[in-house]
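Protein chains: 2
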Amino acid sequence: MSINHTKREGEIELDVDPSETADDARLVFIGRIRSPWTERAACPKNMKAARETGQPATVEIGAEWRQGLAGLERASHIVLLTWLDQSQRNLIIQKPRHAETASGTFALRSPARPNPIGLHVVRLLRLDQAEGVLHIEAIDVLDKTPLIDIKPYYASTDAVAEAVIAPR
Amino acid sequence: MSINHTKREGEIELDVDPSETADDARLVFIGRIRSPWTERAACPKNMKAARETGQPATVEIGAEWRQGLAGLERASHIVLLTWLDQSQRNLIIQKPRHAETASGTFALRSPARPNPIGLHVVRLLRLDQAEGVLHIEAIDVLDKTPLIDIKPYYASTDAVAEAVIAPR
Numbered sequence: 018m019s020i021n022h023t024k025r026e027g028e029i030e031l032d033v034d035p036s037e038t039a040d041d042a043r044l045v046f047i048g049r050i051r052s053p054w055t056e057r058a059a060c061p062k063n064m065k066a067a068r069e070t071g072q073p074a075t076v077e078i079g080a081e082w083r084q085g086l087a088g089l090e091r092a093s094h095i096v097l098l099t100w101l102d103q104s105q106r107n108l109i110i111q112k113p114r115h116a117e118t119a120s121g122t123f124a125l126r127s128p129a130r131p132n133p134i135g136l137h138v139v140r141l142l143r144l145d146q147a148e149g150v151l152h153i154e155a156i157d158v159l160d161k162t163p164l165i166d167i168k169p170y171y172a173s174t175d176a177v178a179e180a181v182i183a184p185r
Numbered sequence: 018m019s020i021n022h023t024k025r026e027g028e029i030e031l032d033v034d035p036s037e038t039a040d041d042a043r044l045v046f047i048g049r050i051r052s053p054w055t056e057r058a059a060c061p062k063n064m065k066a067a068r069e070t071g072q073p074a075t076v077e078i079g080a081e082w083r084q085g086l087a088g089l090e091r092a093s094h095i096v097l098l099t100w101l102d103q104s105q106r107n108l109i110i111q112k113p114r115h116a117e118t119a120s121g122t123f124a125l126r127s128p129a130r131p132n133p134i135g136l137h138v139v140r141l142l143r144l145d146q147a148e149g150v151l152h153i154e155a156i157d158v159l160d161k162t163p164l165i166d167i168k169p170y171y172a173s174t175d176a177v178a179e180a181v182i183a184p185r
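These protein sequence lines are chains S and C, in that order. Here my numbering = 1-based position in the first sequence + 17. Here my numbering = 1-based position in the second sequence + 17.
Just chain S, same shape as in the assembly (with noise of 0.2 Å):
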């Protein structure tokens, strides 16, 4: 595995390990998430925790983006699309910190998944397309993560008020 964890319970590592073998398509990295988040321990473990600390976040495109962000400050919000690169990537049980017993990789959030991306609805605050800077409300990744994708958030396809997880 590429990068240090400590197995707790109840904990599964694949054999083969994605962040070694993995070629089936590549991804060019946009820009680059600038947060206050320099230590994975200071750093918020989800957004609802995020936007509970009010610390707003920005996002640097890259200069060759830029075209592609006009329209998008008619968006009250959107969805970045992360690479969570300090992440394992063979991990296919696991126990969060937290939790009392492990789960499987797709039943959580956690950044720890065969293609480490983060998935974050943020709210946009104001968007410097010259500049290629979006400043947003907040967010729960560390400081320089990549940017994968944005895209704009819509209420009627994205919000699922009713959505539950059932205790288990």
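Mixed in with the good hints, there may be bad ones.
Because identical chains share one entry, a pair is satisfied inside a single copy or across any pair of copies.
Stated by the list, open to error - In silico EDC-like cross-links for lysine to aspartate or glutamate, where the CA-CA straight-line distance does not exceed 20 Å:
#	residue 1	residue 2
1	65	179
2	161	40
3	161	41
4	112	90
5	112	26
6	161	77
7	24	34
8	161	56
9	112	28
It should be emphasised that the hints constitute simulated quantities derived from the structure, not laboratory data. Model, not experiment: these values are computed from the prediction.
Place chain C on chain S using the hints.
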């Protein structure tokens, strides 16, 4: 460019095409979507249109990843991230067929984008972990589209009912 597209008025293609040059990170396909849509013309253009067809779909997960589904059955709704492998990657300003004007790629949910990742919020009807099959209410992608991630959907962080897109 790797995929034929007849340029529409106002559209801009980048000289550098990520389909040829991207290599900042590499993905592994963890499964495939099985949908009723085998031709682009028939494929619903978004999740709202997909739900309105009343046609369910399935997701097939590769054998090595099935352990990772444990616990996902508790979620009423999930997020699927797909790799839209038929999409052009260097179109930075585009004019959707039914739009009046062209917009930046990041202001659109078009499959054509530097990293052609599809984001789909779907209702999970049933999960067969042993067979690696998820039964879902509907989806807006072509049959056999590669899957790159599954996440549980949390209304607390993912549902923003008040999100709006301002008129032009």
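Tested hints:
| no. | hint | in the structure |
| --- | --- | --- |
| 1 | 65 / 179 | both (17 Å within a copy, 16 Å between copies) |
| 2 | 161 / 40 | between (24 Å within a copy, 18 Å between copies) |
| 3 | 161 / 41 | between (25 Å within a copy, 14 Å between copies) |
| 4 | 112 / 90 | between (39 Å within a copy, 17 Å between copies) |
| 5 | 112 / 26 | within (7 Å within a copy, 52 Å between copies) |
| 6 | 161 / 77 | within (9 Å within a copy, 34 Å between copies) |
| 7 | 24 / 34 | within (15 Å within a copy, 41 Å between copies) |
| 8 | 161 / 56 | within (11 Å within a copy, 40 Å between copies) |
| 9 | 112 / 28 | within (6 Å within a copy, 47 Å between copies) |
When each numbered hint is compared with the structure, no violation occurs for any of them.
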